[in-house]
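S.K.: Given the coordinates of chain W, work out where chain C should sit on it, guided by the hints.
Number of protein chains: 2
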Amino acid sequence: MRYFDLIYCLEGLVILAKEKKMVEEITSMSEDFAQWYTDIIKKAELCSYSGVRGCMVIQPYGYAIWENIQKIMDKRFKETGVQNVSMPMFIPESLLQREKDHVEGFAPEVAWVTHGGNEELPERLCVRPTSETLFCDHYSNVIRSYRDLPKLYNQWCSVVRWEKTTRPFLRSTEFLWQEGHTAHATQAEAEERTRMMLNIYADICEKELAIPVIKGQKTEREKFAGATETFTIESMMHDGKALQSGTSHNFGDGFAKAFGIQYLDENNEQQYVHQTSWGVSTRIIGAIIMVHGDDAGLKLPPRIAPIQAVIIPIAMHKEGVLEKTAELYERLKKSFRVEFDDSDKSPGWKFSEYEMRGVPIRIEMGPKDIENNQVVLVNRVNREKTFVSLDNVETELQNLLDKIQQQMFDAALENRESKTSSAVTYDEFKNIIAEKGGFVKAMWCGDEECELKIKEDTTATSRCIPFEQEKLSDVCICCGKPAKHMVYWGKAY
Amino acid sequence: MRYFDLIYCLEGLVILAKEKKMVEEITSMSEDFAQWYTDIIKKAELCSYSGVRGCMVIQPYGYAIWENIQKIMDKRFKETGVQNVSMPMFIPESLLQREKDHVEGFAPEVAWVTHGGNEELPERLCVRPTSETLFCDHYSNVIRSYRDLPKLYNQWCSVVRWEKTTRPFLRSTEFLWQEGHTAHATQAEAEERTRMMLNIYADICEKELAIPVIKGQKTEREKFAGATETFTIESMMHDGKALQSGTSHNFGDGFAKAFGIQYLDENNEQQYVHQTSWGVSTRIIGAIIMVHGDDAGLKLPPRIAPIQAVIIPIAMHKEGVLEKTAELYERLKKSFRVEFDDSDKSPGWKFSEYEMRGVPIRIEMGPKDIENNQVVLVNRVNREKTFVSLDNVETELQNLLDKIQQQMFDAALENRESKTSSAVTYDEFKNIIAEKGGFVKAMWCGDEECELKIKEDTTATSRCIPFEQEKLSDVCICCGKPAKHMVYWGKAY
Numbered sequence: 001m002r003y004f005d006l007i008y009c010l011e012g013l014v015i016l017a018k019e020k021k022m023v024e025e026i027t028s029m030s031e032d033f034a035q036w037y038t039d040i041i042k043k044a045e046l047c048s049y050s051g052v053r054g055c056m057v058i059q060p061y062g063y064a065i066w067e068n069i070q071k072i073m074d075k076r077f078k079e080t081g082v083q084n085v086s087m088p089m090f091i092p093e094s095l096l097q098r099e100k101d102h103v104e105g106f107a108p109e110v111a112w113v114t115h116g117g118n119e120e121l122p123e124r125l126c127v128r129p130t131s132e133t134l135f136c137d138h139y140s141n142v143i144r145s146y147r148d149l150p151k152l153y154n155q156w157c158s159v160v161r162w163e164k165t166t167r168p169f170l171r172s173t174e175f176l177w178q179e180g181h182t183a184h185a186t187q188a189e190a191e192e193r194t195r196m197m198l199n200i201y202a203d204i205c206e207k208e209l210a211i212p213v214i215k216g217q218k219t220e221r222e223k224f225a226g227a228t229e230t231f232t233i234e235s236m237m238h239d240g241k242a243l244q245s246g247t248s249h250n251f252g253d254g255f256a257k258a259f260g261i262q263y264l265d266e267n268n269e270q271q272y273v274h275q276t277s278w279g280v281s282t283r284i285i286g287a288i289i290m291v292h293g294d295d296a297g298l299k300l301p302p303r304i305a306p307i308q309a310v311i312i313p314i315a316m317h318k319e320g321v322l323e324k325t326a327e328l329y330e331r332l333k334k335s336f337r338v339e340f341d342d343s344d345k346s347p348g349w350k351f352s353e354y355e356m357r358g359v360p361i362r363i364e365m366g367p368k369d370i371e372n373n374q375v376v377l378v379n380r381v382n383r384e385k386t387f388v389s390l391d392n393v394e395t396e397l398q399n400l401l402d403k404i405q406q407q408m409f410d411a412a413l414e415n416r417e418s419k420t421s422s423a424v425t426y427d428e429f430k431n432i433i434a435e436k437g438g439f440v441k442a443m444w445c446g447d448e449e450c451e452l453k454i455k456e457d458t459t460a461t462s463r464c465i466p467f468e469q470e471k472l473s474d475v476c477i478c479c480g481k482p483a484k485h486m487v488y489w490g491k492a493y
Numbered sequence: 001m002r003y004f005d006l007i008y009c010l011e012g013l014v015i016l017a018k019e020k021k022m023v024e025e026i027t028s029m030s031e032d033f034a035q036w037y038t039d040i041i042k043k044a045e046l047c048s049y050s051g052v053r054g055c056m057v058i059q060p061y062g063y064a065i066w067e068n069i070q071k072i073m074d075k076r077f078k079e080t081g082v083q084n085v086s087m088p089m090f091i092p093e094s095l096l097q098r099e100k101d102h103v104e105g106f107a108p109e110v111a112w113v114t115h116g117g118n119e120e121l122p123e124r125l126c127v128r129p130t131s132e133t134l135f136c137d138h139y140s141n142v143i144r145s146y147r148d149l150p151k152l153y154n155q156w157c158s159v160v161r162w163e164k165t166t167r168p169f170l171r172s173t174e175f176l177w178q179e180g181h182t183a184h185a186t187q188a189e190a191e192e193r194t195r196m197m198l199n200i201y202a203d204i205c206e207k208e209l210a211i212p213v214i215k216g217q218k219t220e221r222e223k224f225a226g227a228t229e230t231f232t233i234e235s236m237m238h239d240g241k242a243l244q245s246g247t248s249h250n251f252g253d254g255f256a257k258a259f260g261i262q263y264l265d266e267n268n269e270q271q272y273v274h275q276t277s278w279g280v281s282t283r284i285i286g287a288i289i290m291v292h293g294d295d296a297g298l299k300l301p302p303r304i305a306p307i308q309a310v311i312i313p314i315a316m317h318k319e320g321v322l323e324k325t326a327e328l329y330e331r332l333k334k335s336f337r338v339e340f341d342d343s344d345k346s347p348g349w350k351f352s353e354y355e356m357r358g359v360p361i362r363i364e365m366g367p368k369d370i371e372n373n374q375v376v377l378v379n380r381v382n383r384e385k386t387f388v389s390l391d392n393v394e395t396e397l398q399n400l401l402d403k404i405q406q407q408m409f410d411a412a413l414e415n416r417e418s419k420t421s422s423a424v425t426y427d428e429f430k431n432i433i434a435e436k437g438g439f440v441k442a443m444w445c446g447d448e449e450c451e452l453k454i455k456e457d458t459t460a461t462s463r464c465i466p467f468e469q470e471k472l473s474d475v476c477i478c479c480g481k482p483a484k485h486m487v488y489w490g491k492a493y
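Chains W and C, in that order, are what the protein sequence lines are. The numbering of the first sequence is the working numbering, which starts it at 1 and goes up by one. The numbering of the second sequence is the working numbering, which starts it at 1 and goes up by one.
Chain W extracted, bound-state conformation (with noise of 0.2 Å):
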């Protein structure tokens, strides 16, 4: 045994030591799954409670996950022509009772200014909790004839919901998100707009975070206030919870009428507007969270892994190795997000660290290596080991990303359809909820009713229509009356 494979030797005994100390400090997920998600985000350091109630600070980890996702959606909206402005963060009490629905579906959460300076306001203002009515009073003020339209635009932002409880990310006071709002000449048009956007997110879901989404429609119940129709995409936890990931309304010329949106047509008469709003929020990383990690910590999709590979030096203190880790550094940096890490801490608390942060790919690399030319490339998602040639560590590391993608979305979607369930019966129904969660397939027959009653025994809601049909029974899985529709029906975050 030479020296160094001693060396080797001992860190792995310490490694598997503290590989040990950090998996004992995040709770199992088969534990309690609430505590293991909020262990990672603390240790992760993705977010942590600020002073103010229910509001979080999303810290440079979690940040650089949303600016990631930022990027890619920003990228997206534009090349279907969407241009980005900036709203005011208030709307005037009179603004937000314009459209009947939507001020009695967002009233009872809004945060109310009152006062200004020293001065009390003459009306109140709420901080936006969306913003619907600003973008529909400003589309009123300049559209004015057809070759104004359509009007295609998107804010990032944050809005506030007065939450009663709160989770970070999945529920907060305050959260980030994007919100597209587009006005349109015909109703054909919005309704291809909506389904666009939806289609966009299903894809930046599935392709970028590796989650895999059911495309649907929300029931009338559950669709957006003042809404004709609202589509969603749904995607599946591993503790069997639904996450509603992103929707995308179809307000017909509801907010039109409302706010007296018109223009004039090519004939030189008056017509209504057609309207579409669409939006993802930070929501997507606690579902990036609950979709891919495992009781070690964070799994990233590397397509927005801040840290796509970390390098850590092994027997760093061994003649040439820093030198060599610090080359490869400099060479990689220049096609991947790679982190060096020379700190003097072990190699050992390193992986565990880096793994519990979810990097994709950790580069060791020690005398061995460098008296081979190689590099080991170690897989997070299943910790496989890789030798390749520092010749063509690009393409190598490279390929692995794409691979460990297709391993993640994969794993999410084996996991769903894992627990994807259909029931016929309402027994089954009932029991396949209380017993094994996730999504349970069933008809329905289109009544609120049956909705209400089915929540009421379960707790479960109708998640979507899927677009996807099956026809699994003539009847509603409730109330034995014929069917309309199969949905999709879950707890859900």
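In case anyone wonders, no lab produced these hints; they're calculated from the structure.
Here are the computed lysine-lysine pairs in the DSS-like style, where the Cα-Cα straight-line distance is at most 30 Å: (1) Lys78(W) to Lys324(C); (2) Lys75(W) to Lys334(C); (3) Lys42(W) to Lys75(C); (4) Lys334(C) to Lys333(W); (5) Lys333(W) to Lys207(C); (6) Lys43(W) to Lys75(C); (7) Lys419(W) to Lys223(W).
M.R.: Okay, now just chain C, sitting in the frame of chain W:
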């Protein structure tokens, strides 16, 4: 005269007519500078007022300018190790009150949230006017050891200050900005960071926005509430008023003591951190308008112009023109932010429109140009036309963009120089301020009393104590006592 020469000639007449019309719609600078400013913002669709008092809607063209500035700044920040985060938008009243000077500076101008949903809050929350207190609160939770330092955080967000009178971009109730907040082990490091960020701001202003700036330090009276020193960059507008364009503050350990932000140093002793903050806001868009614009409209520096060049087909119904110009567009958009206007509006209308919108280069291409394998590049700054071969249009376009960037900086510098005076007697000083405006360099004793008297007498304020000092005389311009500094004075936005 060939047929399309005739067309050219006719179009030329139309152009002149339309340009005249266009110019008439924008009030001339010399007639009414404030109205000129407002006209440009409205016509170029940079922003518009919303239904919320003093709050702006930043429209796509204005927001695209901000996005380009953001991209440049964000990259520069990150190169120095800065990380982005997201802090809450609310500050509990008790947290705002923690640092005495700070609360005195900001409390009179904040918006207060008193109700969440239907309930009155136990403690009022203000909407952040700036986030020192939030960062301090967070730092007091996460900083434990010298290993945690430095913390180099930044956030892109909006803040709210309840202003009595507002002007688009220059002073609005809500505005967008970035605020960097750092914590360091030593005072020397904090000082270095404060200067580093000021230098980055100055560099971006000069190189990217073509705005020359004076770097210096604010007087005690003008410094930020809670800072030990405030550095600033000051720029000169076309009307002779100064605009503070970015500030960088050194807090020493004042906030650290108020918020208890301590770390264990390498000798295991508790020490207070030293902090900085620094910010640039959408005000800078106001500076871009007022430093570069002319009576025909905006002039945007090529580096941040949302449209760097617009292709306008001439005699576009002639055979081949639309195809060739569309081809050129496909070719150029690979390397430039270029637009192609094939709408049915006349070339003359388009010429004026894109001039007004400040697009640096107009690319004309008509039948004669196609015949000659050339295009015409028209410089927005001086309307100079260059005929360039289609074969190397990319190189020529880039060269002209670079040239325009430099021409704009040179013109702005020349304008500032022509608006900068020195005074050695108080009468001279008052005369210049009253009649010529601009910057006046004059000696100052360092007493706030003189600063106040100068403001009362002239409405001019001390803009900064420039880093580059000159000795104009031995005595204070106001009181005649021994002078400590040469100061830039001026009326300011």
